[in-house]
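Novice: Chain by chain, the residues run as shown.
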Amino acid sequence: MGSVNRAARFKYSQISNLLFSGRSRGTISAEACFDSTSRRLISPCYHLGWSQNASFCSNSARHHGKDSSSIDLNQYPSDKIRNFSIIAHVDHGKSTLADRLLELTGTIKKGHGQPQYLDKLQVERERGITVKAQTATMFHTHNFLGSDTNFLLNLIDTPGHVDFSYEVSRSLAACQGALLVVDAAQGVQAQTVANFYLAFESNLTVIPVINKIDQPTADPDRVKEQLKSMFDLDPNDALLTSAKTGLGLEKVLPAVIERIPPPPGKCTSPLRMLLLDSYYDEYKGVICHVAVVDGSITKGDKISSAATGRSYEILDVGIMHPELTPTGILLTGQVGYIVTGMRSTKEARIGDTLHHSRSHVEPLPGFKAAKHMVFSGLYPADGSDFEALNHAIERLTCNDASVSVTKESSQALGMGFRCGFLGLLHMDVFHQRLEQEHEAHVISTVPTVPYIFEYSDGSKVIVQNPASLPSDPKHRLTACMEPTVIATIIMPSEYVGAVITLCSDRRGEQLEYSFIDSQRAFMKYRLPLREIVVDFYNELKSITSGYASFDYEEAEYQASDLVKLDILLNGQPVDAMATIVHRSKAPRVGRELVDKLKKFIDRQMFEITIQAAIGSKIIARETLSALRKNVLAKCYGGDVTRKRKLLEKQKEGKKRMKRVGSVDIPQEAFHELLKVG
Amino acid sequence: MPKLPFGSVLTSFPTITRPPGLFKSIKNTFEQTPQTVRQNATLTATITPPHKLPPASAYVHLPFCRKRCHYCDFPIIALGSSSAVDDDPRIVNYIQTLCREIKATPVESSANPPLETVFFGGGTPSLVPPKLVSLVLETLGSKFGLSSEAEISMEMDPGTFDRDQLREFLELGVNRVSLGVQAFQDDLLKACGRAHGVKEVYEAIDNLKACGVDNWSMDLISSLPHQTPEMWEESLRLTIQSEPTHVSVYDLQVEQGTKFGILYTPGEFPLPSEDLSAEFYRMASRMLGNAGYDHYEISSYCKSGYLCKHNYTYWKCEPFYGFGLGAASYVNGIRMSRPRKLKDFMHYVQSLENGVFNGEDGRFETSDLAMDAIMLALRTSRGLNLKTFGKAFGFTLVHSLCKVYQPYMESGHVVFLDDKGRSIEADEFSRLVSDDYKESDALAFLRLSDPDGFLLSNELISHAFSVIGS
Ligand SMILES: Nc1nc2c(ncn2[C@@H]2O[C@H](COP(=O)(O)OP(=O)(O)OP(=O)(O)O)[C@@H](O)[C@H]2O)c(=O)[nH]1
Ligand SMILES: [Mg+2]
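First to last, the protein sequences are chains A and B. Note that full-length UniProt numbering has the first sequence beginning at 1, numbered continuously upward. Note that full-length UniProt numbering has the second sequence beginning at 1, numbered continuously upward.
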């Protein structure tokens with residue numbers, strides 16, 4: 001009867017599995033894992049410095065007046081504009097600080113709406129994390145150079161998790177300054193370091209904000225010292241706040257206005273507008289977030305994309321205040337949205353330069369494309385509904401262009417997709433959004449990283465799907481390369497030994513080891529990406545009682561002794577279970593995979609052999625004996641309905657299984673394999 | 001070292017492109033696509049299936065017990081051990097309600113045949129005073145008619161009846177007894193919470209013999225906690241020595257909410273392992289077979305000519321009435337289970353009398369009929385009649401069944417028979433079910449093998465379900 005129960009269990013395990021890296025707020029000092037994106041931003045060209053930017057541009061645009069808007073952007077020439085991001089380690093309070101600033105400026109009403117107002121996605125609310133950067137425009141009056149002046153402030157709340165640092169990079173491109181938020185009790189953590197350098201390398205003004213000073217364990221002085229020693233930030237520049245109680249908040253916006261330079265663009269130059277982000281709205285169609293670098297736009301203007309050459313008309317233009325608010329215009333230095341007749345978000349290329357169709361401009365440098373570090377196959381959980389999954393993925397990628405999708409097919413799982421993700425959390429969030437927002441049910445294959453295999457004829461293959469690697473290639477293999485990362489780990493000094501052991505077990509090479517203060521150590525390691533993809537962070541958390549924080553950035557490929565590990569059921573390879581591993585890890589991984597499968601495959605009418613193999617060499621083997629008995633002896637008093645329901649359940653269970661040869665594999669088994677490192 | 005190859009902005013986009021406007025039409029196409037055998041079956045259901053016949057069988061539930069056995073999840077009413085049952089108002093009231101239910105049951109046609117089988121199940125029907133049982137039989141007789149040849153079975157438990165009582169039951173027309181022995185070991189009986197011991201078992205058997213009951217069944221349970229192969233062998237041996245005409249062997253089901261359900265996990269000590277439990281099943285099949293019993297249904301054995309006619313109506317998918325607490329009925333193609341709680345049951349009878357209860361929504365799916373037919377027929381050694389089934393549900397479905405079962409016929413779990421009752425060889429079979437399959441006389445029956453197929457019947461039947469659609 002095992003399979004009846006199993007059928008019922010699927011659903012739950014599937015869900016809990018998708019959530020396995022979800023975290024509970026406040027219990028750990030770090031969240032981290034797998035990044036993907038380049039830390040380096042191709043530096044935006046328009047940082048010209050503060051003093052060069054005194055000219056006024058107030059009459060640079062006609063006001064169309066058709067929009068029923070009371071906001072007149074003409075009152076905000078660039079010197080009255082400040083664009084800034086809020087950056088920090090996970091959970092240090094960015095979104096909460098954003099709430100307070102929105103309230104302070106009357107952009108949202110105090111006590112109305114949910115906390116972390118800008119975290120709008122269901123995943124964000126459930127997990128309590130920011131996944132997508134969000135922009136909001138605020139207006140604030142400040143006594144500046146002796147007179148009360150109205151300022152337009154553009155705030156971007158960013159995600160803290162390493163997977164989404166691409167969002168941070170993009171956001172910084174639209175800013176001249178950043179609030180670097182640091183938890184007063186936790187101090188500088190791995191993503192604090194990473195995000196500081198992102199801002200620093202883009203030449204942004206960094207304002208340190210030591211937050212959560214209301215906590216009993218807050219130690220702002222220690223944090224000030226860390227900021228000084230690690231980033232050379234002046235302790236006197238640090239603002240002390242509690243986003244929870246509101247303490248010290250009145251100092252934040254004055255600091256933003258006085259310390260951050262206004263945007264440097266030229267209002268007299270032809271329009272150049274950076275495309276920051278895009279999403280699909282049921283009613284309005286494609287909505288693009290843009291930063292006007294030079295010149296200005298007005299509703300009705302004809303614009304063109306530097307990347308595609310396509311032209312569009314501006315149908316609507318405005319600011320996020322915090323919801324879409326039409327203004328009819330956007331001027332130099334302003335950040336807002338435009339609606340054009342774009343049919344698909346695929347036309348909206350992040351980092352593209354938009355310009356007036358009539359003029360020719362030098363494109364802005366844009367950004368490096370998001371890098372996909374983790375690949376996995378996504379298949380419909382219930383075999384038949386490929387089209388439904390296709391549809392769901394298409395809809396979701398409209399709003400998350402950072403996922404790459406190509407069709408692939410598997411003998412075991414049928415038609416599906418190979419998707420590239422920024423990291424494992426990103427993959428997890430994508431699954432959850434597919435389920436929650438698009439009601440799709442998916443099986444995902446073991447995540448893999450892109451390896452490079454080189455052959456004697458000079459050919460070179462980038463392997464995103466282990467199954468696609470030929471088991472006996474035509475040409476001799478000359479080299480295998482695997483991607484590596486540079487990992488930053490910050491931990492209390494008593495855990496150093498354990499962390500070093502973990503990193504060397506994961507084939508890591510230590511690059512740096514120092515102390516950020518008397519109690520905290522800082523280490524840098526080069527690690528193969530594969531080694532951190534599965535379970536590294538959980539392991540790190542458990543050996544440091546949750547006190548370590550972890551961040552990484554991509555690094556070079558390195559030569560490595562890699563093998564393809566096949567899983568065979570009754571002698572037949574299961575393509576969707578193939579993995580590529582380092583030769584030294586193969587026996588252990590093979591054994592774990594075989595054991596897991598033995599546990600999760602039900603006994604069937606025939607004996608099943610489960611094997612792990614490298615080429616023709618079997619490295620692990622188990623057998624699952626045949627099912628002996630599955631009979632309902634009793635069918636009492638003609639109660640046929642109850643019995644039939646039982647058997648129907650059993651049938652449903654079967655239908656949800658994937659069949660390889662004569663072996664039924666529960667979907668659960670695929671999910672379990674994700675956890676084998 | 002090479003740098004990570006990074007795609008340009010242009011190549012990093014997903015490759016599937018479709019304008020949003022197309023989403024809708026694709027969805028519609030998708031919704032229309034699945035073609036199941038069921039649709040096929042609906043179109044080809046042409047002949048009158050057995051469920052359209054008027055019922056000639058009645059199941060009557062008499063729920064009273066001294067106490068609840070540890071494995072039991074039936075709707076029962078425990079009376080306790082002290083009271084004399086003769087005029088226990090709980091029994092009297094129940095029987096009255098039961099008779100009202102019988103009377104209020106709508107009878108479709110006036111040409112109803114008289115009842116050919118009646119089965120008193122429980123509970124412990126032998127706890128009900130004969131005069132009350134008589135009332136029930138009279139009510140049934142005047143409502144539906146009762147054939148003079150009718151098989152009237154009654155479940156009886158050792159220790160609940162003496163010879164006088166038994167004679168009274170026999171005089172009322174009861175002509176078949178199903179004796180709830182379960183095991184021949186006092187320790188096991190005690191562990192099950194049975195209200196009798198082995199001594200009472202022998203007394204009961206003597207009583208049956210002394211009163212000349214020649215058609216009786218010994219009911220046993222295998223895979224009880226702490227049961228060893230030796231004990232099971234002993235129970236089977238003593239059963240054979242008692243010479244019942246019928247033996248029922250139930251494999252213990254650990255049901256949720258029962259004492260066993262709380263205490264035990266199937267396959268784990270003190271319950272026998274799955275392997276041992278399968279061995280118990282094989283032992284019964286072997287020993288009873290050698291003693292001349294025909295294994296005519298998964299859990300039923302009989303001497304020639306003594307199969308339980310009542311139970312066989314179930315396996316043939318024929319209609320039957322059901323009366324009393326929790327009883328299931330199958331009338332006009334609708335399967336219905338009565339409320340399992342006494343109060344709810346009273347309400348049900350009341351609404352039946354007021355004419356406000358008009359059965360369940362009165363609709364059923366052809367696929368349900370097909371599933372019932374397969375599930376029930378495959379419990380019997382006769383198996384599924386592929387021709388009648390094909391005529392009712394379509395030969396495409398028969399073909400799919402053959403395809404699904406092909407590997408299991410090769411492994412010996414499933415047997416296909418020709419119209420002369422000979423089993424078909426594998427080569428012959430693959431020729432018959434090749435893709436240009438046509439309805440042919442060569443494939444007449446499909447059945448599970450004994451004991452290998454029977455032992456995995458759930459597994460095998462659910463394979464059949466998977467080709468029927470949802
Ligand atoms: N005690 C205290 N708690 C705070 C303060 N600011 C934020 N928090 C709490 O810290 C937790 C994290 O806050 P968020 O604003 O979601 O943090 P975040 O930096 O946006 O997190 P990510 O977007 O996931 O990186 C929440 O439970 C907040 O209520 C503060 O000043 N004091
Ligand atoms: Mg946040």
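Certain hints may be false.
[Unchecked claim] Straight line, CA to CA, 16 Å or less: simulated EDC-like cross-link-like pairs of lysine to aspartate or glutamate:
1) B:Lys52 to B:Asp368
2) A:Lys599 to A:Glu622
3) A:Lys643 to B:Glu149
4) A:Lys643 to B:Asp251
5) B:Lys316 to A:Glu622
6) B:Lys403 to B:Asp368
7) A:Lys266 to A:Glu539
8) A:Lys284 to A:Glu313
9) B:Lys309 to B:Glu410
10) B:Lys103 to B:Glu353
11) A:Lys643 to B:Asp73
12) A:Lys645 to B:Asp87
13) A:Lys645 to B:Glu353
14) A:Lys643 to B:Glu428
15) A:Lys649 to B:Glu353
16) A:Lys80 to A:Glu313
Worth flagging that the hints you see were computed from the coordinates, not collected in a lab.
Novice: Hints first: check each against the structure and report whether it holds.
Specialist: Now the hints, each set against the structure:
Between Lys52 of chain B and Asp368 of chain B, the direct Cα distance comes to roughly 15 Å. Compliance with the 16 Å bound is thereby established for this hinted pair. A C-alpha spacing of about 10 Å is found between Lys599 of chain A and Glu622 of chain A, which places the hinted pair at or below 16 Å, so the restraint holds. Taking the CA atoms of Lys643 of chain A and Glu149 of chain B, the gap is about 31 Å. The hint is violated against a cut of 16 Å. Straight-line distance between C-alpha atoms of Lys643 of chain A and Asp251 of chain B comes to about 15 Å, which keeps the hinted pair within the 16 Å bound.
Using a Cα cut-off of 16 Å, the hinted pair Lys316 of chain B and Glu622 of chain A is violated, with the two alpha carbons roughly 43 Å apart. Restraint check: the Cα-Cα separation between Lys403 of chain B and Asp368 of chain B comes to about 21 Å, which exceeds 16 Å; the hinted pair is violated. Note on Lys266 of chain A and Glu539 of chain A: the hinted pairing is violated, with a Cα-Cα distance of about 51 Å set against a maximum of 16 Å. Proposed proximity of Lys284 of chain A and Glu313 of chain A is supported: the alpha carbons are some 14 Å apart, at most 16 Å.
With a CA separation close to 33 Å, the supplied pair Lys309 of chain B and Glu410 of chain B exceeds the 16 Å bound. At roughly 8 Å between alpha-carbon atoms, Lys103 of chain B and Glu353 of chain B fall within 16 Å of each other, so this suggested pair holds. Of the supplied pair hints, the one linking Lys643 of chain A and Asp73 of chain B holds, its CA atoms being roughly 14 Å apart against a limit of 16 Å. At roughly 40 Å between alpha-carbon atoms, Lys645 of chain A and Asp87 of chain B are farther apart than 16 Å, so this suggested pair is violated.
For the hint pairing Lys645 of chain A with Glu353 of chain B, the CA-to-CA distance comes to about 30 Å; that exceeds 16 Å, so the pair is violated. With a C-alpha separation of about 34 Å, the suggested pairing of Lys643 of chain A with Glu428 of chain B is violated against the 16 Å cut-off. Simply put, Lys649 of chain A and Glu353 of chain B have alpha-carbon atoms about 36 Å apart, too far for the 16 Å limit, and the pair is violated. With a CA separation close to 28 Å, the supplied pair Lys80 of chain A and Glu313 of chain A exceeds the 16 Å bound.
Figure legend: structure checked against the earlier numbered hints; hints not met, in rising order: 3, 5, 6, 7, 9, 12, 13, 14, 15 and 16.
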